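Chemist: Here the sequence shown is numbered in this note's numbering, starting from 1 and rising by one per residue.
Please keep in mind that the hints were generated in silico from the structure rather than gathered at the bench. Bear in mind that the values here come from a model prediction, so they are computed numbers and not experimental data. Yeah, the Cβ is synthetic: ideal placement off N, Cα and C, and Gly gets one too. It is possible that part of the hints are untrue.
Quick list of in silico lysine-lysine cross-link-like pairs, DSS-like style, CA-CA up to 30 Å [unchecked claim]: (1) Lys242 x Lys577; (2) Lys542 x Lys617; (3) Lys476 x Lys756; (4) Lys679 x Lys760; (5) Lys542 x Lys565; (6) Lys680 x Lys585; (7) Lys476 x Lys760; (8) Lys476 x Lys679; (9) Lys706 x Lys467; (10) Lys542 x Lys467; (11) Lys440 x Lys577; (12) Lys679 x Lys706; (13) Lys242 x Lys670; (14) Lys242 x Lys467; (15) Lys467 x Lys137; (16) Lys670 x Lys756; (17) Lys242 x Lys679; (18) Lys617 x Lys585; (19) Lys585 x Lys542; (20) Lys542 x Lys411; (21) Lys440 x Lys756; (22) Lys467 x Lys760; (23) Lys266 x Lys476; (24) Lys242 x Lys542.
Computed Cβ-Cβ distance ranges for the label pairs, DEER-style [to be verified]: (25) Ile166 x Ser580: 39 to 49 Å; (26) Glu774 x Arg820: 44 to 54 Å; (27) Pro818 x Lys476: 26 to 36 Å; (28) Ala301 x Lys565: 51 to 61 Å.
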Amino acid sequence: MREEKNNLPESDELYSGDCRQRCQGDDVDAEFDDRHVPISTSSAHTEHKGIASSKRLPNNSVRTPQVRRPSLRLNGEAQADTATSGQPNGKRLLMPVEKDFFKRSSQGSNASKIRLSAILLKIKSKAMSERFACMTKYALLFFVQHFLCEFIIRVTTSSNFFSIGILHSTLFIISSSFFAAGVVSLFPRRGRSVFLVVALFFLPFIYGAQLIYYRFFRTFFVFYSIGHGGQVAQFLADIMLKILRNLPWIFLSLIPFIAYFVYFRKRFLAACLASAVRVRDSLICFALAVVMFGVSIASMAFNRSYNSPWQNFFYENEILTGANQFGLLTAMGVDVSHLIYPRSAPFTPDLLPDPIESTEPSELPDPSADPSETDPPIVIERLPQVLPVDFEKRLGENKPDDDAPAVLAGKTRADMLRYLDTVFSRTIPTYTNEYTGRGKGFNLIFITAESFSRYAMHPELTPTLWKMWHEGIHFKNFYNPVWTVSTLDGEYAGICGMIPKQGVWTLTEAQNNDLAQAPGNLLNRLDYTTYAWHNHTWTYYKRHLSHPNLGYLYRGLGNGLSVRKTWPESDLEMMEKTVSEFIDKEPFHIYYLTVSGHSAYTRIGNMMASRHYNVFKHLDLPEEAICYMAANYDLELALEYLLQQLRDAGIADRTLIVVNPDHYPYAMEKANYDALAGKKLDETFGVYESAAFFYHDGIEPEVIEKYCSSLDLLPTVYNYMGLPYDSRMLSGRDILSDHEALVIFNGRSWISDYGKYDAKTSTFTLHEGQILEEDEETYVGRINREVRIRFETAKLIIDSDYYRDLMPAEVWEQTRQPYREWMNENPWPVPEKPQPSTTSATESETEQTTTTP
């Protein structure tokens, strides 16, 4: 009797003939137990707990108490059945590792070969199905986490939830899910679990951060700003408040992450996490990711029109629009790609205005003249407000690097200059009008008011603000768009009259550019004294680099402005510390950037709200709205002080004060802002309605109903003061001119004389009582083209440093000389320097803490 040792063959006839017959029987349709041992399904062949049936043993063999059958293993994975714990993994499929297994197995009979082939085929099939299941589980887990985050963002930030963007974003999510699954498969066992934890937490973290940022600024942050995130610590209290208010959404986004620890890690994905590295599986996932990415791109290719997903994906960097069209994470990827490889749409003919006729001067009757009078009406000469730029010569000099036509891809500075020259030579300028030069030779104080709006004023509680708004030039339909970088872009739009460049800090990017048409530079070159002050940290947003380049002697907290460091700092105190420095230095241009109106609007988190709370506490408004008005009350006191000082000096009637909000108070809860406004404001246009001032003593009160925005303030100032500038090169237009109204918003929605266009939904709505004189589609297409051109030219003026060599120095001097001569011929009387007050308003107040009074 031949004795077997656990039925393991030891000769060269390993697992052939006799061994296969004894171990497996003759049944081809074998099944497998948890140890991957073939079990006969025939009733004649039975086994129990690994004990071979005595019927299957030769007569001369000795039955052993337990039979250990040979395991079939995959080549190169002999130890893959052991999990990270060191214990055998019963569900791991195994295949032969013996180098000459198939050669030796061929020594058996044909029947045994067939049986072996069937067994191996079933093992391979099951192995493949399990591997496919692992890939599917990984991808599904990432898909659920990503889709949930995207869903939350769309619900909480988009007014256009049901749009084609759902399809595009879902396809991109599927692609990214397969990619993440492929990356997981490349990690070893321990690293795989770590990667899953990091990836599953990263998605809700980045989406949560964007949600909180949106709650503050009504837009999403760009990667350009991340490197400067340390300054965000100054607003930690505001951030924590927003996080607390959005905790339900944040917890909801973390459900898949939590479920991974509770269930998936030990059950649903246990076998997958314990498997070996599989490069082929990763390659399959990557291939699927590429295919789905291609499908995503193809789904956008059917519409390549203006502001379409295709246009914004490949050429623009509109993160807010992109998030709505193809998902936030994809839009962030587009933003990163623009940082690495800046680009814009090719300069196709539709990005050029139609050629125009010569802009020769003309004459118009004065519209203010009474036609009933016997005297002939006063004739106002209409002169184009342009600089003497020789575009014909410039277009000849700026020949591109190759022989391409005039409209080029825009990869070189010459290409950009040629495009800009072509556009501006075809742009219709604004013309002088009855308001031109009313403030010629005036001093100019331009104030960017933090978070100010028309709803921060009250006829009795804020009489100075109310008077300046209603008794100056009152812009009834003024809008204050929010751009990508909130306050800094709001500054740039107002003080430069230009659309900010998307994805960057525009003023910082332009710190070395020649910003010839910025008021600081323009007036400084006309012999004005130019100062700028900010009553918060002077380096914030790198203003210490950008504002001197605007033409100012710039000072702020930490560099020449000694205001008490609170949060926020006092606008009144800033005025008290600075007015004496310029009031006797006519002509002067002063730029103030205030901070008192900043969030948070609570008595604990806002010193100004706490200080002035009692003035407004009786109002029937939410607590946050009351604190908002209390915070802005410091601006009321600051302007009251400023006007009094100007009057005491005798120059209030020749000092034009312009107040431009940087943005509406977006940090306030929408419901509370609606309560403050006394109506429900729509989030596409209504929340951006605001107030801007044009005021000086003696100004004739007027109500201007024309639609306008912060972009239009600077050219309006220049026209009012009769300054030499080129209206074609600014994004805004003189509000007081007869030029067609156009309010442009971030995301490329707009308001015109005839109606409103929502770029998210591509819908146009006529103003009440308006009738289009042309086909609606033609009209909307024409205005969309104009909006696109203004975005493109604003960007390229920064990228190309356009004003650097716009005109020779002697030509610039010629344009300024007439204004200088007029100033010399018409000097203002020298004012008496006012006596400083012995006790300032802020010093007379008892310093209060930020706790509730």
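Chemist: Enumerate the violated hints, using their earlier numbering and listing them in ascending order.
Modeler: Failing hints, ascending: 1, 2, 6, 10, 14, 15, 18, 21, 22, 23, 25.
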